[in-house]
Amino acid sequence: MVMPVPAFHRFVFAFGAAFALFYAIARARGLALFTVYPSQGIVLFGMHRSRDVADPVLDFLAPEMYWYGWIASAAAGAVAVGVIAALLPARLCRFWAWCGWAVPVAAMIACVYLTIPWFRL
Amino acid sequence: MATTLLILHGLVAVALLGAITHQALATCAPSNAKPLSFFGRFRAVPGAGFTNAVVILYLISWLLGAVVYLFFKIDVQPGLERDRHWHALGFFDLKEDFVAIGLGVLPAYWICWRSPINGQSRQMRIALTLLLALIVWWGFLVGHIINNIGGFGW
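Going down the list, the protein sequences come from chains A and B. The letter at position 81 of the first sequence is residue 81 when you use the working numbering, and the numbering goes up by one with no holes. The letter at position 23 of the second sequence is residue 23 when you use the working numbering, and the numbering goes up by one with no holes.
Think of the hints as simulated: they come from the structure by calculation, not from any bench. For glycine and all other residues, C-beta sits at the position ideal for the given N, C-alpha and C. It cannot be assumed that every hint is accurate.
Computed list of chain B residues with no C-beta within reach of chain A, every gap over 10 Å [said to hold, decoys possible]:
no., residue
1, L5
2, L11
3, V12
4, A26
5, F38
6, G47
7, I60
8, Y69
9, H144
10, N147
To spell it out: a stretch of chain A is covered by chain B in this simulated footprint if at least three of its residues, at any positions, have a beta carbon under 8 Å from a beta carbon of chain B; those stretches are [to be verified]:
no., segment
11, 6–17
12, 25–33
Where chain A lies over chain B, by a calculated footprint (3+ residues, C-beta under 8 Å) [said to hold, decoys possible]:
no., segment
13, 77–87
14, 94–101
15, 123–134
The task is simple: from the sequences and hints, build the whole structure.
See the structure below:
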């Protein structure tokens, strides 16, 4: 028996897949919605690098954090994809459910690849 | 303040690790395990009963970790860079990536365990539960190594 799948289920599966995809893209391309400067307690909209406006050797005085901005970017994109998925026909639910675990696994592999430079130092 | 939050983060992570490991084994382990063995009893828990606990503990752990991360960036990371702990920093980078991806997967995981079981939802349950278990184990081990790195003599 095939049970009807609520639109919310499609939203949730598509959200999970899109979140992972957009996070990996944001991580690779540096697309942070905002930048946090923890030592100054400042949050700036968009992506900013301390070394672009100050001497690179002084970078340690104002370390920037993008992780929160990457999560926000991924969440914003994933909500949009989730809403679209919820509006699409219910027969695509199997596809979204498959994407719901396969895309996060692929995104994790992509993150491993992006981390390789740390291990070459 | 940072130490208190870090200890709380660790305690919540221990609870989360226990819950997700129980659930993952209950979902995936072969059903022919001897019921009286340790392994048999470990996996003989009703997996669905852990779902809400896993979601709540994951969110609390993530929130505490996100706050502690601010202190880490200012007080700890410069020291690790100065001492050239590049591998540890790489592992920590992976931890933050995996944990973020796990955050996005959490709603799908919750829905899977709330839905009635059939062939497809069983596969989804197994996949998402194993994925979260991997993320939680990775986060826990890397966090533990970073916390204790001074004593490793690397």
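Against the structure, the hints:
At roughly 14 Å, the least C-beta separation between L5/B and chain A is larger than 10 Å, which holds for a residue marked as non-interface. In this structure L11/B is separated from chain A by more than 10 Å, as the shortest Cβ-Cβ distance comes to about 23 Å. Consistency note on V12/B: stated as away from chain A, and its beta-carbon is indeed over 10 Å from all of that chain's, at 19 Å minimum. At roughly 18 Å from the closest C-beta of chain A, the C-beta of A26/B stays outside 10 Å, upholding its exclusion from the interface.
Separation of F38/B from chain A is adequate, the least Cβ-Cβ distance of about 29 Å exceeding the 10 Å criterion. Against the 10 Å criterion, G47/B stays outside the reach of chain A, whose nearest CB is about 17 Å from its own CB. Every CB of chain A is more than 10 Å from the CB of I60/B (nearest about 16 Å), matching its label as outside the interface. Distance check on Y69/B: its Cβ comes as close as 7 Å (rounded) to a Cβ of chain A, failing to clear the 10 Å threshold; non-interface status is violated.
Non-interface status of H144/B relative to chain A is upheld: no Cβ of that chain comes within 10 Å, the nearest being about 19 Å off. In this structure N147/B is separated from chain A by more than 10 Å, as the shortest Cβ-Cβ distance comes to about 18 Å. Counting residues of the segment 6–17 of chain A whose CB lies closer than 8 Å to any CB of chain B gives 6, which reaches the minimum of 3, so the coverage claim holds. Interface restraint, the segment 25–33 of chain A with chain B: violated (1 residues with C-beta to C-beta distance below 8 Å; minimum three).
Look at the segment 77–87 of chain B against chain A: 5 of its residues bring a Cβ nearer than 8 Å to a Cβ of that chain, three or more, so the hint holds. Check on the segment 94–101 of chain B: 6 of its residues sit with their Cβ under 8 Å from a Cβ of chain A, so the three-residue criterion for coverage holds. A count of 4 residues in the segment 123–134 of chain B with a Cβ less than 8 Å from any Cβ of chain A is obtained; the coverage claim is therefore met, three being the minimum.
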